[in-house]
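**Q** Below are the chains, spelled out letter by letter.
Number of protein chains: 2
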Amino acid sequence: MNGPSSLAARRIGIDTYRENVAYLRRDCPVVRAEGFQALAKVQVAANGHSIVAVVNVVDDAALLGECELGLSEEAFAQLGVVEGAAVAIAHAEPPASMPALRGKIGGERLGRDELAAIVRDIAARRYSKMELAAFLVATSQFELDRDEVLHLTAAMVAAGRRFDWREHPVVDKHCIGGIPGNRTSMLVVPIVAAHGMLIPKTSSRAITSPAGTADTMAVLAEVELPFERMREIVRAHRGCLAWGGRAALSPADDVLISVSRPLALDSPGQMVASILSKKIAAGSTHLVLDIPLGPTAKVRHSDDAQRLKKLFKYVAHHLGVTLDVVITDGRQPVGRGIGPVLEARDVLAVLHNDPDAPNDLRTKALRLAGRVLEFDPDVRGGEGFAIARDILDSGRALAKFDAIVEAQGRKPFNRAAPPLAPLVFEVLAADDGVVAAIDNQRLARIARLAGAPKVAGAGVDLLHKVGATVARGAPLYRIHAASRAELDFARRVAEVASGYTIGAAATAADPLPDF
Amino acid sequence: MNGPSSLAARRIGIDTYRENVAYLRRDCPVVRAEGFQALAKVQVAANGHSIVAVVNVVDDAALLGECELGLSEEAFAQLGVVEGAAVAIAHAEPPASMPALRGKIGGERLGRDELAAIVRDIAARRYSKMELAAFLVATSQFELDRDEVLHLTAAMVAAGRRFDWREHPVVDKHCIGGIPGNRTSMLVVPIVAAHGMLIPKTSSRAITSPAGTADTMAVLAEVELPFERMREIVRAHRGCLAWGGRAALSPADDVLISVSRPLALDSPGQMVASILSKKIAAGSTHLVLDIPLGPTAKVRHSDDAQRLKKLFKYVAHHLGVTLDVVITDGRQPVGRGIGPVLEARDVLAVLHNDPDAPNDLRTKALRLAGRVLEFDPDVRGGEGFAIARDILDSGRALAKFDAIVEAQGRKPFNRAAPPLAPLVFEVLAADDGVVAAIDNQRLARIARLAGAPKVAGAGVDLLHKVGATVARGAPLYRIHAASRAELDFARRVAEVASGYTIGAAATAADPLPDF
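Respectively, the protein sequence lines represent chains A and B. Reading the first sequence from the start, the letters are residues 1 to 515 in my numbering. Reading the second sequence from the start, the letters are residues 1 to 515 in my numbering.
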């Protein structure tokens with residue numbers, strides 16, 4: 001590093017997401033002397049703290065004084081100084097783990113220490129977005145062996161804080177995603193908590209899907225709770241259904257996701273490390289993992305599902321987590337509604353044991369809850385499903401759900417008249433026949449275009465599922481939107497391809513074999 | 001794409017290098033309606049032009065009006081609007097070539113059309129820095145086969161303009177780089193031009209090295225010439241030695257370099273595509289390529305050099321370029337000086353036939369010039385070296401060099417007293433013995449820390465080369481710097497490791513076998 005030079009800190013009201021940006025005037029004497037250029041990485045230090053930032057060069061005197069160093073919102077917060085404080089700036093050394101990254105790019109196998117060094121640098125935000133993308137691509141697909149995934153996961157746990165609930169077992173369930181409507185957590189958590197097991201599940205918001213559990217739960221209750229409040233609710237009620245975004249359980253994973261999502265990179269090794277590191281950091285000792293399998297799911301071939309299951313089990317075993325992997329039917333959305341309000345309606349119908357509640361959602365939730373209950377040493381293998389069903393049928397799951405909603409902060413919701421977005425378009429069957437397949441990705445896209453999850457009442461309401469007999473011209477699903485423009489976006493895409501395959505009765509899909 | 005929304009364009013004086021940034025107020029109604037987020041990609045359109053930019057969200061009303069769309073310097077220039085003009089903004093569709101990129105990340109082989117689509121998107125700046133890094137990593141090392149490199153090169157040529165000199169042959173020479181002091185172009189161009197062949201070479205500035213040809217030439221003449229002026233000089237004098245940065249010969253390569261340099265990615269396929277696409281775009285029909293081989297050069301093993309040579313020849317052949325590859329001794333710097341003024345001094349000593357001119361620089365330049373001259377159908381194979389030597393010894397090369405300097409715009413330079421940076425530190429031999437090796441990368445780093453190329457007179461002056469006998473305490477090289485701080489940075493690194501290996505006489509390296 002060259003010698004540091006001092007400038008006055010200034011907070012610049014620009015949100016650059018998870019990349020720190022330092023704004024420097026081109027004619028600043030320090031810039032000229034040190035030769036900082038756009039996109040160069042600099043180390044900014046004050047009061048013993050230091051951060052690494054990427055330089056944007058400012059030519060406009062109105063934006064920044066000559067001897068000021070501007071910092072984007074997050075960078076300013078991370079450095080923790082007051083405006084006008086003297087900050088030192090110097091060329092940043094490349095992150096210490098760059099040789100390891102370059103080795104991986106060159107196809108080498110990385111050891112425990114090398115992966116730990118990379119993850120430490122990522123968690124400390126020493127990697128640029130370009131370096132993060134390079135790491136993700138170099139470790140994607142078939143590029144990590146199972147020990148590398150293990151070391152990566154362990155390093156991601158070590159880079160953050162780890163929660164200790166001081167009891168055993170601490171259970172959780174998780175789905176790898178990709179199936180619209182699949183809101184089983186809102187059923188599994190109250191069932192398991194009603195049984196008395198500790199299930200401190202945190203929920204996520206949708207990033208690329210039409211709704212996450214946190215989005216759907218937000219229709220019924222407050223979900224943005226301080227971490228301490230979440231802990232109190234878990235201790236009092238054995239579970240909660242709040243947004244986990246504030247817990248910062250796996251800081252390296254949070255940074256990596258900021259790049260893997262825009263790049264739509266989703267490789268087995270990264271998926272395993274991301275999911276297990278967060279569960280371990282959250283203090284879970286036992287986990288049921290749901291891997292949906294289907295032609296439009298994330299996992300599309302049985303071989304891939306088995307390989308992914310083995311990888312999850314290998315890493316979990318070596319990190320001391322008891323893992324039960326369930327491969328489920330991912331050939332169509334689960335439940336009827338796709339979108340926060342529609343999914344909340346479905347979940348409540350199951351909890352209330354409505355006769356017309358979506359049976360696939362109910363059965364899947366009972367199956368997963370049953371597997372979680374079997375982690376209880378007092379529950380015999382094979383008995384979980386029946387116990388879960390008893391808890392649901394008896395109304396104890398609903399009572400537990402209500403208690404959790406009350407604790408988080410209830411919002412008014414009339415399930416007889418759910419607040420659906422008012423504009424409606426019905427997509428009709430083009431032929432007589434049997435619904436042979438429903439494209440998860442297509443339906444998710446249509447629901448998003450209609451406004452979900454931003455517009456809670458928007459989305460898609462499926463009127464028929466796989467196996468149903470439909471007549472030409474009969475409505476297949478209803479699109480709900482809050483604005484004409486959104487309804488039209490969704491409608492146009494649905495008119496190009498509805499996402500439904502209608503076949504002769506004989507072509508309807510067979511039930512998925514049980515794994 | 002969602003429906004476009006209109007905002008007033010505003011130029012924001014921030015230089016974000018080759019990434020377009022769009023600044024949007026968080027409370028702008030369009031932002032809220034469309035849900036634009038930090039790092040989202042948007043399409044900005046006006047007057048039939050459109051660009052793709054990454055969103056930075058602005059919270060500060062002083063930076064940007066509520067209904068304004070700020071654009072970084074380059075983005076504003078690319079869109080070509082006046083301030084206040086109405087611009088439409090919409091979510092950008094992912095680049096059309098994303099499926100091809102994801103295929104490559106997944107290990108697939110790409111075809112001609114897929115690589116062409118990727119390169120078109122890159123040249124049009126539709127890739128984010130993350131996507132560029134993903135492409136570079138996915139195509140690095142052993143990931144591209146020779147036909148993929150061929151298609152990539154052809155696509156890079158097609159993405160830019162191609163110059164036609166309307167004569168044949170049009171010759172060039174190029175070195176893949178990595179060897180400090182290696183200023184052969186400043187000798188090869190005047191020798192070849194004096195012979196009458198057209199050599200419209202453009203020169204580059206140092207990016208990671210202590211001097212490029214353009215930096216060294218800038219000590220003696222103007223090098224930042226408009227493209228039209230360069231063409232006039234080439235037509236009048238058959239060659240020139242000006243900076244080629246304004247020619248924009250391979251726009252996709254310019255974009256890729258903005259990411260590959262910071263990541264220090266340098267793979268054979270990308271090197272071939274980058275070099276050959278620029279030469280073909282510049283109108284060259286015949287090229288001599290210098291691949292230095294040595295333990296601290298870019299290419300470190302003879303096998304790698306041969307493989308790289310074959311790849312260059314395969315691609316050049318299929319794109320109609322006559323290529324002569326010369327594998328040269330890359331075990332130490334070429335010449336004595338490292339840094340613009342020091343290297344200019346060495347070049348002038350060779351041109352003036354000074355008895356103490358560095359012989360390795362002279363011999364290498366004659367060898368390369370000879371190979372270029374043999375592209376002349378009137379020159380027999382094996383005669384080029386002697387013809388080049390005659391041109392140099394007779395003073396005709398110097399006369400041609402002087403004419404080129406005059407045409408570009410001469411700067412005063414007293415070669416009896418070159419303007420070296422005044423502060424000097426001598427690095428001494430730690431042992432008696434023979435210089436067995438000189439580390440190219442170490443010496444380049446020391447010269448850069450001393451201030452080269454920014455401080456033209458700074459750098460390193462080698463007093464002994466490989467094979468020389470030295471006594472303990474004798475000076476090995478001199479560091480020149482303009483400031484105490486820079487001298488100290490360079491000195492400290494040299495004191496940790498001088499870059500010289502001193503051995504017993506018997507351990508001195510053998511001459512490199514001729515390839």
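Hints in this document: simulated from the structure, not taken from any laboratory. Keep in mind it's a predicted model, so treat the numbers as computed, not measured. Check before you lean on any hint, since a few could be wrong.
Unchecked claim - The calculated lysine to aspartate or glutamate pairs, modelled on EDC-like cross-linking and capped at a C-alpha distance of 20 Å, are:
| hint | chain 1 | residue 1 | chain 2 | residue 2 |
| --- | --- | --- | --- | --- |
| 1 | B | K310 | B | E143 |
| 2 | A | K309 | A | E108 |
| 3 | B | K309 | B | D329 |
| 4 | A | K454 | B | D329 |
| 5 | B | K454 | A | D27 |
| 6 | B | K313 | B | E143 |
**Q** Now look at each hint and say whether the structure bears it out.
**A** A quick look at each hint next to the structure:
1. B/K310 - B/E143: 16 Å, holds
2. A/K309 - A/E108: 25 Å, violated
3. B/K309 - B/D329: 15 Å, holds
4. A/K454 - B/D329: This hinted pair is violated, its Cα atoms lying about 63 Å apart.
5. B/K454 - A/D27: 16 Å, holds
6. B/K313 - B/E143: Judged against 20 Å, a Cα distance of about 19 Å means the pair holds.
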